[in-house]
Amino acid sequence: MPLHDGRAIDVKDAAVLDSILKPPSSPLPAALAGALPSHRLTHLQRLEAESIHILREVVAETQNPVMMYSIGKDSAVMLHLAMKAFYPAKPPFPLLHVDTTWKFREMIAFRDQRAADLGLDLLVHTNPEGLARGIGPFTHGSAVHTQVMKTEALKQALDRYGFDAAFGGARRDEEKSRAKERIFSFRTDQHRWDPKNQRPELWQLYNARKNKGESIRVFPLSNWTELDIWEYIYVENIPIVPLYFAADRPVVERDGALIMVDDDRMPLKPGEVPQQRRVRFRTLGCYPLTGAIDSDADSLPAIIREMLLARTSERQGRVIDRDGGASMEQKKQEGYF
Amino acid sequence: MAPDTLPSTGEAGVSEIERYLAAQQSKSLLRFITCGSVDDGKSTLIGRLLYDSKMLFEDQLSALEADSRKVGTQGGDLDFALLVDGLSAEREQGITIDVAYRFFNTDQRKFIVADTPGHEQYTRNMVTGASTADLAIILIDARKGVLPQTRRHSFLVSLLGIRKIVLAVNKMDLMGYDQAVFERVVAEYRAFARQLDLTDIQAIPLSALKGDNVTTLTGAMPWYQGPTLIGHLETVAVTDLRANDPFRLPVQWVNRPNLDFRGYAGTIAAGTVRPGDRIRVLPSGQESRVARIVTHDGDLDVAAAGQSVTLTLTDEIDISRGDIISALDGAAEVADQMEATLVWMSEAPLLPGRPYILKVGAKSVPATVATLKHKINVNTLEQLATKTLSLNEVGLATLSLDQPVAFDVYRHNRDTGGFILIDRLTNETVAAGLIRSAIVRTVPWQILDVDKRARSQMKGQRPRVLWFTGLSGAGKSTIANLVEKKLHAHGRHTMLLDGDNVRQGLNRNLGFTDADRVENVRRVAEVSKLMVDAGLIVLVSFISPYRAERRMARELLGPGEFLEVFVDTPLSVAEGRDVKGLYAKARAGKLPNFTGIDSPYEPPESPDVRIDTQAMTAEQAANHIFTLLSRFDEDADLVDGAAI
Ligand SMILES: Nc1nc2c(ncn2[C@@H]2O[C@H](COP(=O)(O)OP(=O)(O)OP(=O)(O)O)[C@@H](O)[C@H]2O)c(=O)[nH]1
Ligand SMILES: [Mg+2]
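Residue numbers (my numbering), protein chains in the order written: chain P, 1 to 337; chain W, 338 to 981.
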């Protein structure tokens, strides 16, 4: 079975990118593809059905939905589910990427290729004031960068297009305040989350009615775990960014994190020399804020295998999550996804 | 981290990973909650479960250690509750405010656990967690025994249809692991639970804090012979039998990418479906067959409860979001009044008579609480008279909906029998509802003068006359008959007046002269009017050849009450069929004044409905008329809540 090639690639080489994006062609074993006897659904089928139900419910009940597309593995799964939910129609909403301008170059190439392949409407928004002020993680630190280029930018984009519902790929297993969040999560006109006053959410019945100015963040992957995501990517042959596969990449070690030198905007400290190391990423974001892990896993089976042995959580690699106990909750209250 | 058997070391091959995946995928899923009174140790227990089943990563563990030192309740020792109490307010106050969902798995099963708050104030969050659970762990602090919140949560658990209970008698370490304490608590709880029909109870003595009997049996309680908590959760039987029930697909979204495709998307709530299956669409009652089960991965031969699919049908019928595509045998119920249990979830109390939005399945309709029969004292289970429900109260109500909806009773199906009420001003979800039964209207809501309006309201319908006109043998009676059957099946009160029958009784003294024909129609029109006053839907099947008499009938009745249905069959066709042999007799001169032969038929110039019998079958014609009727009623200014 041909698997995604994890070698370091030159993103300008379209042919190579193509071969990575193309899903493997061999058929799946029956036990994975089909239902179990007596109409019992497999675990992934159950998760898939629930997510599709949520996607359709939002489209039926809101006026102007959008899908936040962050290019990572969760977004890849969410997008795949959207293609399924509305088939044979295309998903009746655009994709929105909030581009901080600090994403890995391979992510951007992958993003544009994916949207083109699927024929979907892709909106890209960057905070113009942030851009003008030259905000970046190296000069302003991760907190300011995240606040201005992610949180503020997201709010700007949602306001600019008047989206009243935004799908996000967050999962409850990611983080302790996420574990508390409803599937339909309401935000005030200031995009604030009030964790102490969430709407009851019963059965599969979602109340999507909102007050003027309010919007909804909807999380169709709430009940998926990181391992479910990888298993589903494997079973469904979903294309993902090559950075998830191990390859030799130039990295420097900072505060215990392996940071990839993705472009020449990265200021090297005196004596710091990028090393070629065989690494991959468990989660993707802005390259200066995303730690790589040492790994030889260059195929999906190898990644799943590695996941099963992992001793740290995926958020370990995110530099922004380390500032303070309730930091994710606080950021979410301020409008972070 | 996961205790699953890993693919063997060495090259991570494709086949080993597929064996592993196949094993994962065939695991069953158990969704459960922890509930019970404040501080009984629910969150601690979940934290302990995650910790002991090695579901925690190193960074999460070191965060737990740091948090325990900073905000823990255990004097620096691990405070497992901090693994689940993830909101800063919860950590500051040491309580749970909202549900936390956690995921873990063992060799046998996958688990989704919802840790719910014990505080009465946050009951609605507990209900949120319980609504999707198959099993409930009810915790009791061994020192305190059964508390009011234990009773409240047990009552809600039973109400929501959770039948499997684990009674976790916790904090045994604080009671010297004493068997007598355990048995006293269990006896006290069982006595209460029996009243709730909770019988499938596994009692386990535990210490969530120390880990006794959570994942391993402890030496501290050698007198306990039962399973560990995790051992029980791994093996308790949970069978989802919904696939064996009659088919239900609540239509979520109509998929129309182009003119050639019309699909109905939704999640199957019960049963199975195959192409070719006959179905009924509710509330309209139209029948059709399944043409295809469309998915992105290709058409399916069969789909079952739980799957999200898109169906296409063999007929072009009118289906919208909120309808239920249902098996022909054992179809869903349709009503605009129902009896339901309400769990009130808003600070603002319930106001009977105020319109709320009721959402059941994919359908949202305005609805009012017509009467509140009683509320329930959760401690004594006593039924108390009440005029309202306040936050966290539970009561039995009758609801009156603006239009009929399709549903099942909650006992049969959570997804088609559970609903929410939404406040129209604040958009809050104010109540969870569980449908107990449909109500066939028997009494009017207010004592009124007994007039046409009162009579029709009692029947829950809009009275009117469907006047079928057309040549002899055109198909009037056949179609009128089918329409009446449909109406009857939808609980409507009808009467069919057929020319042949009426001429044998009321109009026995009339012949076929022009004058007699006029009198024939006049009498039938008057009788129809009386029946409309009685609140009936009257189907008149008369040749009624003259426009003037049909206009007279129309004018006798109120606006919108007379619907002229022209059963349009050309003379040549009717004569060709000649079912009763009348045309032959007439041609032979044995039946003078026969319409179409030697007596004129004046076709309607603008009938309300025209049925071209050459273009559709009688069944299709009846469906068509039935659908139009529903639409007329939507447009019309309805008698309060009354619709066909
Ligand atoms: N000694 C002892 N203490 C326990 C045990 N289980 C829980 N506790 C303690 O009881 C207190 C309350 O525990 P929690 O887990 O927060 O209780 P809870 O039921 O989740 O409380 P709410 O969610 O707020 O209703 C904490 O101080 C725990 O450490 C036990 O088995 N033995
Ligand atoms: Mg708790």
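None of these hints come from the bench; they were simulated from the model.
Among the hints, erroneous ones may be present.
Below, a list of computed lysine-lysine pairs in the DSBU-like style, where the Cα atoms sit at most 30 Å apart [claimed, not checked]: (1) P/K196 <-> P/K212; (2) P/K84 <-> W/K481; (3) W/K710 <-> W/K822; (4) P/K155 <-> P/K196; (5) W/K547 <-> W/K481; (6) W/K822 <-> W/K724; (7) P/K212 <-> P/K269; (8) W/K724 <-> P/K84; (9) W/K447 <-> P/K210; (10) W/K364 <-> W/K481; (11) P/K196 <-> P/K210; (12) W/K796 <-> P/K196; (13) W/K391 <-> W/K364; (14) P/K196 <-> W/K822; (15) W/K407 <-> W/K364.
With a cut-off of 30 Å on the C-alpha distance, tell me whether W/K447 and P/K210 pass. violated, 35 Å
Given the hinted pair W/K547 and W/K481, is their alpha-carbon gap at most 30 Å? The given pair, whose Cα atoms are some 19 Å apart, holds under the 30 Å limit.
Please verify whether P/K196 and W/K822 have alpha carbons no more than 30 Å apart. violated, 54 Å
30 Å limit on alpha-carbon distance, applied to hinted pair P/K212 and P/K269: violated, 50 Å
Do the alpha carbons of W/K710 and W/K822 lie within 30 Å of each other, as the hint requires? Roughly 35 Å separates the two Cα atoms, so the pair is violated.
CA of P/K155 to CA of P/K196, is that 30 Å or under? Holds. P/K155 to P/K196 sits at ~22 Å (cutoff 30 Å).
Need the status of pair P/K84, W/K481: alpha-carbon distance at most 30 Å? Since the Cα atoms of P/K84 and W/K481 sit roughly 52 Å apart, the hinted pair is violated (cutoff 30 Å).
Given the hinted pair W/K724 and P/K84, is their Cα-Cα distance within 30 Å? Outside the cut-off at roughly 48 Å; violated.
Regarding the pair P/K196 and P/K212, is the alpha-carbon distance no greater than 30 Å? Cα-Cα ~21 Å, so holds.
With the threshold set at 30 Å, check whether the alpha-carbon distance from W/K407 to W/K364 stays at or below it. Outside the cut-off at roughly 39 Å; violated.
Given the hint that W/K822 pairs with W/K724, test it: the Cα-Cα distance must not exceed 30 Å. violated, 40 Å
Tell me if the straight-line CA distance from W/K364 to W/K481 falls inside 30 Å. Since the Cα atoms of W/K364 and W/K481 sit roughly 38 Å apart, the hinted pair is violated (cutoff 30 Å).
Comparing the model with each earlier hint shows violations of hints 2, 3, 6, 7, 8, 9, 10, 12, 14, 15; every other hint is respected.
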